[in-house]
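6 protein chains.
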Amino acid sequence: MTVFHVSEIVDALQGVRQQWRELQRRALEPGGRDLPAREALAEVVETLKGVLFPMRLGPPDLRQESENFYVGHALDAALHALLAQARLELRYKARHAETDHGEIDARALAAVRAFSQRLPVIRGLLDSDVLAAFNGDPAAGSVDEVLLCYPGVLAMIHHRLAHELYRLGLPLLARIISELAHAATGIDIHPGAQIGSAFFIDHGTGVVIGETAIIGERVRVYQAVTLGAKRFPRDAAGNLEKGLPRHPIVEDEVVIYAGATILGRVTLGRGAVIGGNVWLTESVPAGAHITQAISRHEVRAPAHERPGTAAPDAIATGAA
Amino acid sequence: MTVFHVSEIVDALQGVRQQWRELQRRALEPGGRDLPAREALAEVVETLKGVLFPMRLGPPDLRQESENFYVGHALDAALHALLAQARLELRYKARHAETDHGEIDARALAAVRAFSQRLPVIRGLLDSDVLAAFNGDPAAGSVDEVLLCYPGVLAMIHHRLAHELYRLGLPLLARIISELAHAATGIDIHPGAQIGSAFFIDHGTGVVIGETAIIGERVRVYQAVTLGAKRFPRDAAGNLEKGLPRHPIVEDEVVIYAGATILGRVTLGRGAVIGGNVWLTESVPAGAHITQAISRHEVRAPAHERPGTAAPDAIATGAA
Amino acid sequence: MTVFHVSEIVDALQGVRQQWRELQRRALEPGGRDLPAREALAEVVETLKGVLFPMRLGPPDLRQESENFYVGHALDAALHALLAQARLELRYKARHAETDHGEIDARALAAVRAFSQRLPVIRGLLDSDVLAAFNGDPAAGSVDEVLLCYPGVLAMIHHRLAHELYRLGLPLLARIISELAHAATGIDIHPGAQIGSAFFIDHGTGVVIGETAIIGERVRVYQAVTLGAKRFPRDAAGNLEKGLPRHPIVEDEVVIYAGATILGRVTLGRGAVIGGNVWLTESVPAGAHITQAISRHEVRAPAHERPGTAAPDAIATGAA
Amino acid sequence: MTVFHVSEIVDALQGVRQQWRELQRRALEPGGRDLPAREALAEVVETLKGVLFPMRLGPPDLRQESENFYVGHALDAALHALLAQARLELRYKARHAETDHGEIDARALAAVRAFSQRLPVIRGLLDSDVLAAFNGDPAAGSVDEVLLCYPGVLAMIHHRLAHELYRLGLPLLARIISELAHAATGIDIHPGAQIGSAFFIDHGTGVVIGETAIIGERVRVYQAVTLGAKRFPRDAAGNLEKGLPRHPIVEDEVVIYAGATILGRVTLGRGAVIGGNVWLTESVPAGAHITQAISRHEVRAPAHERPGTAAPDAIATGAA
Amino acid sequence: MTVFHVSEIVDALQGVRQQWRELQRRALEPGGRDLPAREALAEVVETLKGVLFPMRLGPPDLRQESENFYVGHALDAALHALLAQARLELRYKARHAETDHGEIDARALAAVRAFSQRLPVIRGLLDSDVLAAFNGDPAAGSVDEVLLCYPGVLAMIHHRLAHELYRLGLPLLARIISELAHAATGIDIHPGAQIGSAFFIDHGTGVVIGETAIIGERVRVYQAVTLGAKRFPRDAAGNLEKGLPRHPIVEDEVVIYAGATILGRVTLGRGAVIGGNVWLTESVPAGAHITQAISRHEVRAPAHERPGTAAPDAIATGAA
Amino acid sequence: MTVFHVSEIVDALQGVRQQWRELQRRALEPGGRDLPAREALAEVVETLKGVLFPMRLGPPDLRQESENFYVGHALDAALHALLAQARLELRYKARHAETDHGEIDARALAAVRAFSQRLPVIRGLLDSDVLAAFNGDPAAGSVDEVLLCYPGVLAMIHHRLAHELYRLGLPLLARIISELAHAATGIDIHPGAQIGSAFFIDHGTGVVIGETAIIGERVRVYQAVTLGAKRFPRDAAGNLEKGLPRHPIVEDEVVIYAGATILGRVTLGRGAVIGGNVWLTESVPAGAHITQAISRHEVRAPAHERPGTAAPDAIATGAA
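Residue numbers (the UniProt record's numbering), protein chains in the order written: chain Y, 1 to 320; chain G, 1 to 320; chain L, 1 to 320; chain X, 1 to 320; chain R, 1 to 320; chain W, 1 to 320.
The hints are simulated quantities; they were obtained by calculation from the structure and are not laboratory data. All of these numbers come straight from a predicted model, not from anything done at the bench. Any given hint might turn out to be false.
In this list, chains with the same sequence are indistinguishable; a pair is considered to hold if it fits within one copy or across any two.
[Said to hold, decoys possible] Below 20 Å or equal to it, Euclidean Cα-Cα: the simulated SDA-like pairs (lysine to any residue) are:
1) LYS93 / ALA81
2) LYS93 / ALA40
3) LYS93 / ASP105
4) LYS93 / LYS242
5) LYS93 / VAL143
6) LYS93 / GLY169
7) LYS93 / ALA140
8) LYS93 / ARG26
9) LYS242 / VAL266
10) LYS93 / ASP144
11) LYS93 / GLU22
12) LYS242 / PRO138
13) LYS93 / PRO60
14) LYS93 / PRO138
15) LYS242 / VAL143
16) LYS93 / PHE134
17) LYS242 / ILE214
18) LYS93 / GLY32
Pulled out of the complex, with its shape left as it was, chain Y reads as follows (with noise of 0.2 Å):
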């Protein structure tokens, strides 16, 4: 007697997966997996973090002397097995259509390469924003700190080359880099968002910024800030209208700060500051102060239990 029923769950599954593969009109096909791989993806990413910083983010055996041999080899390596997952993409994209494969790699390559020589161009955006969060913090201790150990900044590292990619026509690649940043620190940057030099994100958990948001130069913004779409249109047929601007437009040396959510395409004017917690769905004037209309609490009596001992009206949040 066997101990599991393996076999009538395989077959099952295997129903299941048919019935899927019938509603998204997939013929059932032999071959292997044809989608970019998260690990992969996972691996270029490190290395490239390691040919922008080699000294800071390469191998911990490297020495300075040494760096362009580094670089030149992790580039080579990086830009090769990106290059696969890009071919992986765009085949994947095409493979209802009757494109040639050698176009496709073709393309493939040409993004790769476009995107291999804007990567001086991505170092140095990234050293302003590192900058950014030095001078922008006060417990910072060195720029070095800021660049081991602040999460915003290694999304930023994740989201200026997703950028990259997702304006090069890969935004499959794009989203899964700026995924494995989301996993990392609770920011989700959306590869399509278009961020100024000198940005810095403080905390930065629960930091949400969308698609189609512009950010400019010099912004600071804290923990828990949303910049999202305050509507989904759709079109006559009932279906969700892609594409269109629907989050917000954040202009040069603005301040957001923790928890406050701003709401479709409005437009922070230069120098707005957004106070914690502001709910906004309309632009600000630039030199605009945003913050909370009122105090929003009550206070009563003081209770004498210990707050441990059944204290019957206490207004608990925890999903205990």
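Following the hints, position chains G, L, X, R and W against chain Y.
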């Protein structure tokens, strides 16, 4: 002379452990570890992901024509590994009782067998979740992208597996599996929560769903939504009462936008829409739209200084 | 013909690095990496977890009768590894000074020795945290479950270790250890924060606790609570003033529910209860119960459309 | 100043590589490695061992009731990995020719398909080898011990797989597989050698069996036996003639004891027994017993010194 | 169409396994693997090496002042792992009998306990072996070099551990440990062989020492020496008789040079010296020096050809 | 009750270590390991193989157009790792002397620098070895196959690296590197041996070449050949005299067939051919052909029994 006073510290740590054991009334008995292991469950879940979605989350070199071989082998291995962990949980719970090991092991086997037979249903539910994400997000390029990238889908894979184990009397295994997803996504769903098909969590960081929550079909939830308890009743002896229904009931096709907080055993009626950051402790009728009652901010005169230079009255919520 | 223009990109990247080094006034000197390593500290912390809780977080095959052998061996290894990192931090800080390496190394040794002798106290504090979680959460099945599963406990293990290093003059090591917990739990506690015994963070995602916060005993905190700074004073030269007390003081037995934001050097008196989502920038007397001042929502007429079909006025905060 | 003159050495090494490529008349063309990989083949063979003997050489957690699932999955993976290596060998061989890649790949596929269909026969032959070892060695405790421990059996697993590949036109893959066994056991069997069922090599270190050797059924061989070539004929141009039959034919049930050397295209008749250290360059009739012709030593008067103290005339063969 | 006919091959392989099981009269019963595992024993031996020589073969970061902590922890882990393997061997042996698992496990425990108490004696013997190598080899620079580099010492570590297990009724574990050394060194010592202190094997490749060999103290042996059996007696039924003394007795201070072959239950008297390549099947008195009886070569007239060009009568033993 | 008496055994082992240290007159001083590490050198050699043959033994994803980047990076890493090991050897040797660490480190650096500059020459020599194997073996299909598969080539890569280190005063590192090859191939070449270009070892198992051997150019050697010492002179005090020339000189273009044993400081003249199994302790003129003096076997009447059934007079050398 030794570099560190290791022996003294070892003795002192033994003293603290001894105090703890006395406090917990635990005998110091020889023997190995008697608790389920996070690493082992992580591997079980990784394998089950491949069992459920072989061509997308299984081994990269898998080919469609041998899916069933892989599924059968991986399933058998995962179930036996899960069985070992289930025994540990049940034995641990019975450690103070005079329970027969044979009987405990039989219960573990029955639970894992029942779990295994639910896998096809779980796969079907997860397919509905993937479709819901694809249909609900204008940025989603394909169902495969959704399965590969979306943290909300990852959290639901863990939840739907964990919920079965919770139902089958293995709440500690269930909790570990949920926390694995919490760590990876920032989405904290208690394995006790009952969630219908086609559930979509977008962005997800900060979502908390409590143990007795009941969620219908085709519900959509955004980041930082809490479905929590309002208060924790205690019994006459001052101990927390366990197991009482204390979290919201969310009916079919409800949408809850980011940051909304719903507390207590309230009901959100079918098709209700809860706006962002809403704070809600009472029930809502079907079809209601709940939004912020008032605009919550105050615009003051533009500040002409750069934000980086001593804005004397900026309200910061950064913890820096 | 080469596939990628690797040499050109290598040169361009070298140019950007050169600019950075000039900007930072760093000489290009041969040599290896001079910064502490995140991976090395992650391993130190993993080992110390086993040292503190050998039968629950130590190696799976450990047996109780040989706990002390394991603890002694692992402790010695962890302390030497930590010593190496401490030297790196102190040498890095002194890199512009004419400091003697021997003297720096002696300081590193003294710091790690002092750290090692605090471990029994740390274990005692962590035991109190575990008990607090068990007593404060109706869903907790056992103290062992709490230690294995609760992200709040994981964050406190890291914090209590990091706080000692911070106190002993190793703030960079401390920060890296804190960020390791932040990445794993979404809980961001600055290593400078002083936290009394029996501290319980439930759920935890999005919690931020600032550098100069002081928290008493038996305090309870839920997800997304911020104990932050209200403003960042700058000195005459426009630089941020460092080290000023700028975060809240939380007295014994306070409870702060999810999403509450407490800013500035205010005091929450003993036993105060702060309701969910409260925004607070002033002190609160002992025993006070602070709740939302008003109901914050508006119920409108039921919408008859399916939420999925073009609700023209839904207020969305999703960034999709 | 740099520590090592890395750039100069890099240039010098490039110069030597350039000389080699000129000597070998190889163009310097961009591109990746074009040779089969030892590591990849090692993994293929490891997997095939599990396919052939699932419960004894397969994964430790395999269970008998799901053997077929494992065998199917592992076999499919191993065959595809082998196919990739087969393509590399065939393309490498055709690198100077105008061969079509498609045609080469078809040949690789045909070869691996044919190989795959021989696996049941190979398993049967290996069973006979295991039984031969068990029956021929008084120290063997069980057939399972033989399969787990005996280097001669390991060498035959590799040989029987390698010989099929050799026969199917993949001699380089075959050779790599043979050398993997040679490294592990000290037994060097050329993949071209034809070996009948129930072959037993005891101890094995130093055994060498040449490319054109033909060995019958139920043959037994001990350590350091050579079945070699007597001379290497050269053609008119002075080049070695390849492929000529130049190694012994060993008929059924022959036994060859340790250290015996048999050279040239001689025949050892059925049932012959060749004594230890015999040197043989001519054929032997069926049933013959060949032993040392004479006693080969000379006893001299006892030496009274300890061997450790300057025995002036000891004949040493140590290389110390 | 599938690439390979995997299902057919899976069925055919199942057929061959079925034949084997019938031949071996094994029932097809569900269940996991029931044999000791080579990998597990390799890890046990690696750990025991560190236990025996902590500062030289233990973990690289070990420090002398905490040796005992390491030794205790590693010893406990290794003994429990060994106990698990011992149970497997004893249960396997008893698989056809009606033996009680409890009783078998008690025997396994007794054996491993007895083994553990022999470790200090084993360390002492190995120290004598190391010194013997240092004193016997003019090329040895230090005792530490000997322990780190000499394959003969590695083989003796394995042998002295394996011999204890053999004596304690665990011959299969012993054999696996011996074969691990055989694979690494080319030295094949049966775990049954009894070997006195200060034994030195130089170079070692090809050494074979049989099960019933008895070797005294301060014996030295060079590469390719065989201490073998002369014949294998069979009983009336034609089966090999097991356990008979059939290998040489080598008394104290004997030296045996490279390639010598000593066969049968002969005795080499104290202090005898056996020359290289000697073939010996009879006893030798104490102090005797045995050398080659005659010069074994014939010098012919110089050949004027290059050896690479068709020397028509070269006697080759290469298998090429 | 504990399972094993770990504490007692730990104490007993400490006692044996104490005896050893007293015997060796070593003080018990705190501190870490002071010996070079086999694993570290294994990694250095693996990296240097890639440096020497980047496209064939380097990383599988390397591409020809970025060879130099890889070579530079890998070389720098390998040299620094080797430098660390060189310091360990030199400090270890000087551990009883009053030597200045700075001076020792300078010597280590000088040695590794000199080593690094020999790498191009070593590559050239290895190319000649590869060609010699290809030209000398009728079974060799290509020079690439030779580099990938032939154990003799692997042994020579190790030897040529080790020999440089030996010459530069690092004999312990050299010995470890040689033993790594010995373990992998069964070929034991002392790093002191001087070997000219185009050296070919076929099959190789059992080859032993001693410390003071001198081998010319274009020499060929088969398996189990020994170039050893004839006797070990001792000085007046009875100690082995070290460093005396005691192994053969082999002139250009000599061929030595399998199993031949050449002992002592004899000279094999240019172009000599030594037959298989020849035993030689005197010099041989240029061009001589040395073969077995006599046929060494005796054919007896055929035996009619099966070899498996009690052949009463079979001469076995198996150790079974």
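Hint by hint, here is what the structure shows:
no. : hint            : verdict
1   : LYS93 / ALA81   : within (19 Å within a copy, 26 Å between copies)
2   : LYS93 / ALA40   : within (19 Å within a copy, 31 Å between copies)
3   : LYS93 / ASP105  : within (13 Å within a copy, 26 Å between copies)
4   : LYS93 / LYS242  : within (17 Å within a copy, 51 Å between copies)
5   : LYS93 / VAL143  : between (41 Å within a copy, 12 Å between copies)
6   : LYS93 / GLY169  : within (11 Å within a copy, 39 Å between copies)
7   : LYS93 / ALA140  : between (44 Å within a copy, 13 Å between copies)
8   : LYS93 / ARG26   : within (14 Å within a copy, 39 Å between copies)
9   : LYS242 / VAL266 : within (18 Å within a copy, 35 Å between copies)
10  : LYS93 / ASP144  : between (41 Å within a copy, 11 Å between copies)
11  : LYS93 / GLU22   : within (19 Å within a copy, 45 Å between copies)
12  : LYS242 / PRO138 : between (41 Å within a copy, 5 Å between copies)
13  : LYS93 / PRO60   : between (39 Å within a copy, 19 Å between copies)
14  : LYS93 / PRO138  : between (47 Å within a copy, 17 Å between copies)
15  : LYS242 / VAL143 : between (40 Å within a copy, 16 Å between copies)
16  : LYS93 / PHE134  : between (42 Å within a copy, 16 Å between copies)
17  : LYS242 / ILE214 : within (17 Å within a copy, 32 Å between copies)
18  : LYS93 / GLY32   : within (16 Å within a copy, 27 Å between copies)
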